[in-house]
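Colleague: For the record, the sequence lines run as chains A and B. Quick note on numbering: the first sequence equals residues 104 to 684 in the working numbering. Quick note on numbering: the second sequence equals residues 203 to 277 in the working numbering.
Do not take every clue at face value.
Claimed, not checked - Capping the alpha-carbon separation at 27 Å, the derived lysine-lysine pairs in DSS-like fashion look like this:
(1) A/K457 <-> A/K575
(2) A/K663 <-> A/K525
(3) A/K208 <-> A/K171
(4) A/K209 <-> A/K171
(5) B/K233 <-> A/K505
(6) A/K545 <-> A/K505
(7) A/K255 <-> A/K186
(8) A/K448 <-> A/K663
(9) A/K499 <-> B/K227
(10) A/K505 <-> B/K227
(11) B/K233 <-> A/K351
Bear in mind the hints are in silico, worked out from the structure with no lab data behind them.
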Amino acid sequence: MIISQLIIQYDISQQDQDAFLINVAGRQRMLSQRIAKRTLYLQNEVNDKKHHESSLKKLQILVEEFEKTHHTLQFGKYPHRLKGKFSPAIDSLFDKTIPFFQVIKKICLQIIQSPSKGNIDNAVKILEANELSFLSNMEALLNALVADSQQKLNRLKWIELSLALVAFLVLLMEFFFIISPLIKNLSLTNHSLQASNSFLAEINQELKAIFDSTHVAIMRLDLKGQFVHFNKGAEKMLGYRAEEVIGKHTPALIHLQEEIEVYNQALSKSLNKHLDGFEALRYEARLPISPPRQWTYLRKDGSTLPVQLSTSSIKDEQGNLIGYLGVATDISELMQARISLLESKQNLEILANKLARQNEQLLSFAHITSHNLRSPVSNLNSLLFLYHDSQDEAEKQLLFSKFEIVIGHLTETLNELIETLKIQEDTEIKRDTIVFEELFSKIRETFAGTLLETKAEVSTDFSGLPQISYPKTYLESIFLNLFSNALKYRSPDRILLIEIKTHKAAGKEILRIRDNGLGIDLNKHGEKIFGLRKTFHQHAEAKGIGLFITKTQIEAMGGKIEIESQVDIGTTFTIVFNETT
Amino acid sequence: MKTPLIICIVDDDEIYQFTSTYNIKSVYAPKEILVFSDGEEAIHFLTRHLSSEETLPDVIFLDINMPIMDGWQFL
Chain A
104 MIISQLIIQY DISQQDQDAF LINVAGRQRM LSQRIAKRTL YLQNEVNDKK
154 HHESSLKKLQ ILVEEFEKTH HTLQFGKYPH RLKGKFSPAI DSLFDKTIPF
204 FQVIKKICLQ IIQSPSKGNI DNAVKILEAN ELSFLSNMEA LLNALVADSQ
254 QKLNRLKWIE LSLALVAFLV LLMEFFFIIS PLIKNLSLTN HSLQASNSFL
304 AEINQELKAI FDSTHVAIMR LDLKGQFVHF NKGAEKMLGY RAEEVIGKHT
354 PALIHLQEEI EVYNQALSKS LNKHLDGFEA LRYEARLPIS PPRQWTYLRK
404 DGSTLPVQLS TSSIKDEQGN LIGYLGVATD ISELMQARIS LLESKQNLEI
454 LANKLARQNE QLLSFAHITS HNLRSPVSNL NSLLFLYHDS QDEAEKQLLF
504 SKFEIVIGHL TETLNELIET LKIQEDTEIK RDTIVFEELF SKIRETFAGT
554 LLETKAEVST DFSGLPQISY PKTYLESIFL NLFSNALKYR SPDRILLIEI
604 KTHKAAGKEI LRIRDNGLGI DLNKHGEKIF GLRKTFHQHA EAKGIGLFIT
654 KTQIEAMGGK IEIESQVDIG TTFTIVFNET T
Chain B
203 MKTPLIICIV DDDEIYQFTS TYNIKSVYAP KEILVFSDGE EAIHFLTRHL
253 SSEETLPDVI FLDINMPIMD GWQFL
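Chain A extracted, bound-state conformation:
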């Protein structure tokens, strides 16, 4: 572009020079005419001296100028020289004018030197002929110059045109290589924009579907804590319509005040700063990871439901907080399931305990059967064998009486076993409220004779636990057994003292019976004290059944019995009625 401009500039300056030269040449032609005219004036003014001299002077100036101009054209400095500047044709045209110029100049100089009438007349004649030739030659020269100039102009036009063409081509190339890829890119960008637009629309639809989900409550809050969105799920869950809460209420509407306070206090303590209102919830929503938390929500109709709430903060592109999002799920079914699970777990534990207890009892029962039933049966077998073997009638009589004893034992043992089995089956037996004082006065009446006879002293203290809910028959049996044991195994060396006391400790209902009787060596008998058919005293009334039944009854009702004893000092039975329940 710059080059083309330079070329044009150059051509324009050339054009200027050409125009100048054409002008000069034209002037030369004009000068020749004026010279011819002036010589004609001189011829006519021969007699008018005054005009003649001034014309002569004017002719002299004209000739000087004519010569000077010619000189410039022929030898002058560039760019005012004509010769050699253009084509050889122009040069030869110019050369043709030179002889005429020489003649004109010479004639004129002659006149100026000697302006006689003869000279002037002669000069006029010569000038007429030469001037015409000069003129025609100059005319031809001028025409050639103009034609040349025209040609140059055409060339310039052509250059300009081609330059314009080049410029156009450059523009075209620019278009193809720069602009059209740009456009292409633009259209591509546009296309992908459209694609991402439709993708966004799709996502938006999905989000809307999620947002409109009726199983989950989605609530958005602004920075003031007021509802901005309240989806269909929230409407369904809480019974409010979106228009009722948006821009009008905060979550205080649906939260239980007490729960929020409890939570605030807990969080205030751990953060060591005071939080109020919904500060705690907001604090949690701002955490990068906030754990879902369980809350109780309040419905419009005043009923409540448990929910699991996840909170998070909403930020704009610059990361500035612009709101909060809460997603709440109704977990009442879950909670119900959990409760029933817990219940069934507890039931199972109770059942397992019961089964373990029954298992234990069955084990001891098996042991009892194996020992207490096997020996009488084997005795019967032996007796039967002897009976068959015996020939002596008297002996047979004796053996038969032994049969009676064994059968009596067997019946007794079976009856006792049936009784304990009844207790073990009977865990759901009805409980009554029993006042210890009343129960004990009955027992005292039962043993009135023995008490009188032994002069035993009995002290009772039921103030710590005046009454209990327990099967009446069991409690009577327990009292009877323990009380009769105390009476039975009294020491002959001292007056019997019996202390009976009930109290409650750490929710447990406890009965304690203490005596100052014979006592039992627990190191020897500790494990067997509550076993069936275990007796530890060579005592006529000892059958070894009482404590076994007592223990079975207490354990069937979820309690336990313990013994402390020292030989010849006394025995203490401690019963915890509600050990496992």
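Go by the hints and put chain B onto chain A.
Modeller: Positioned in the frame of chain A, the structure of chain B alone reads:
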């Protein structure tokens, strides 16, 4: 060991005492059969007669499961 033997039965079951005594007598004529109802009685007898060797039993049939003093405690 002297013959005939002194035999001792320690068992709380009186029928067993009776049948075993009867059985022993039907197959063998011992010098004497001692019968005790539990370990404690038997121990008392033994400690009382420690000095007179000829009255101590040669064979003892001992029941394990007995009230007051069982077979293990006796041993």
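Colleague: For each hint given before, does the structure comply? Return the numbers of the non-compliant ones in rising order.
Modeller: 6, 11
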